[in-house]
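Asks: Chain by chain, the residues:
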Amino acid sequence: GENVEQHPSTLSVQEGDSAVIKCTYSDSASNYFPWYKQELGKRPQLIIDIRSNVGEKKDQRIAVTLNKTAKHFSLHITETQPEDSAVYFCAESQKVTFGIGTKLQVIP
Amino acid sequence: DSGVTQTPKHLITATGQRVTLRCSPRSGDLSVYWYQQSLDQGLQFLIQYYNGEERAKGNILERFSAQQFPDLHSELNLSSLELGDSALYFCASSRTGGGLADEQFFGPGTRLTVL
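These protein sequence lines map, in sequence, to chains A and B.
Position in the first sequence (from 1) plus 422 gives the number in our numbering.
Position in the second sequence (from 1) plus 1331 gives the number in our numbering.
Be aware that a few hints might be false.
To be verified - Here are the computed lysine-lysine pairs in the DSBU-like style, where the Cα-Cα straight-line distance is at most 30 Å:
| no. | chain 1 | residue 1 | chain 2 | residue 2 |
| --- | --- | --- | --- | --- |
| 1 | A | K479 | B | K1340 |
| 2 | B | K1340 | A | K480 |
| 3 | B | K1340 | A | K490 |
| 4 | B | K1340 | A | K444 |
| 5 | A | K464 | A | K479 |
| 6 | A | K444 | B | K1388 |
| 7 | B | K1388 | A | K525 |
| 8 | B | K1340 | B | K1388 |
| 9 | A | K464 | A | K480 |
| 10 | A | K490 | A | K444 |
| 11 | A | K493 | B | K1340 |
| 12 | A | K490 | A | K525 |
| 13 | B | K1388 | A | K464 |
| 14 | A | K493 | B | K1388 |
These are calculated hints, taken from the structure and not from any lab test.
All of these numbers come straight from a predicted model, not from anything done at the bench.
Looking at chain A on its own, in the form it has when it is part of the complex (with noise of 0.2 Å):
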């Protein structure tokens, strides 16, 4: 969506390495900023989510920083596994938009 620009579109890492996807967003009023998996023919399911009194969150091996003067946000996924092969999600919660999403693989 126009308000989120989302990055990269496609990604490719070695099995244990990391990898970091970037979300940028215009709504300076947006507080709220959640990030989806999806699976190949699967729902969206939240994987972790972050509000703007906050600047990172970190749950096992899935981070996620918040830079609120610069507006962009982002996933950080460490020591990937190929089950975290998918399409990840950014939004915000202003007018409800998600990017355009993120394929990642993981190759074994």
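Position chain B relative to chain A; hints supplied.
Replies: Frame of chain A, contents of chain B only:
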């Protein structure tokens, strides 16, 4: 299983026709969102209802309409269907209203094919 149900699972129809997609939210969730996902595309937000009232609108065509009933289930009506309307339509629910404010739980989707 997210607790959100959608029917039907698949729908095949012809151009010019009208269809209705149905969604039942998770127990206790007051918000229902509708999304369109075309092949290899992202999630296009269509519309949100909160406790029976329209709360937010995205890129929903005039040929499309939705409503949320007193029991909180929602229906998405698509009319004068075109080939380009072929897509996967997801419904999602969340506890709160007002745009996107907390985790959304997605249903399994309805695959619409317009021939």
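Asks: Holds or violated: K1340(B) with K490(A), Cα cutoff 30 Å?
Replies: Violated, at about 40 Å.
Asks: Are the Cα atoms of K479(A) and K1340(B) separated by 30 Å or less?
Replies: With a Cα-Cα distance of about 36 Å, the restraint between K479(A) and K1340(B) is violated, given a limit of 30 Å.
Asks: Would the hint linking K1340(B) and K480(A) be met if the CA-CA limit is 30 Å?
Replies: Violated. K1340(B) to K480(A) sits at ~35 Å, over the 30 Å cutoff.
Asks: Given the hinted pair K493(A) and K1388(B), is their Cα-Cα distance within 30 Å?
Replies: holds (23 Å)
Asks: Within a Cα-Cα threshold of 30 Å, do K464(A) and K479(A) meet the stated pairing?
Replies: holds (26 Å)
Asks: Mind checking the alpha carbons of K444(A) and K1388(B) for me, to see if they're no more than 30 Å apart?
Replies: holds (26 Å)
Asks: Is K490(A) within 30 Å of K444(A), Cα to Cα?
Replies: holds (13 Å)
Asks: Does the alpha-carbon distance linking K1388(B) and K464(A) stay inside the 30 Å limit?
Replies: holds (25 Å)
Asks: So if I understand the rule, the pair passes when the alpha-carbon distance is 30 Å or less; does K1340(B) with K444(A) pass?
Replies: violated (33 Å)
Asks: Run the distance test for K464(A) versus K480(A): straight-line Cα separation, threshold 30 Å.
Replies: holds (25 Å)
Asks: With a cut-off of 30 Å on the C-alpha distance, tell me whether K490(A) and K525(A) pass.
Replies: Holds, because 25 Å separates the two Cα atoms, which is no more than 30 Å.
Asks: Between the alpha carbons of K1388(B) and K525(A), is the straight-line distance 30 Å or under?
Replies: holds (27 Å)
In this structure, the hints that do not hold are numbers 1, 2, 3, 4 and 11, in rising order.
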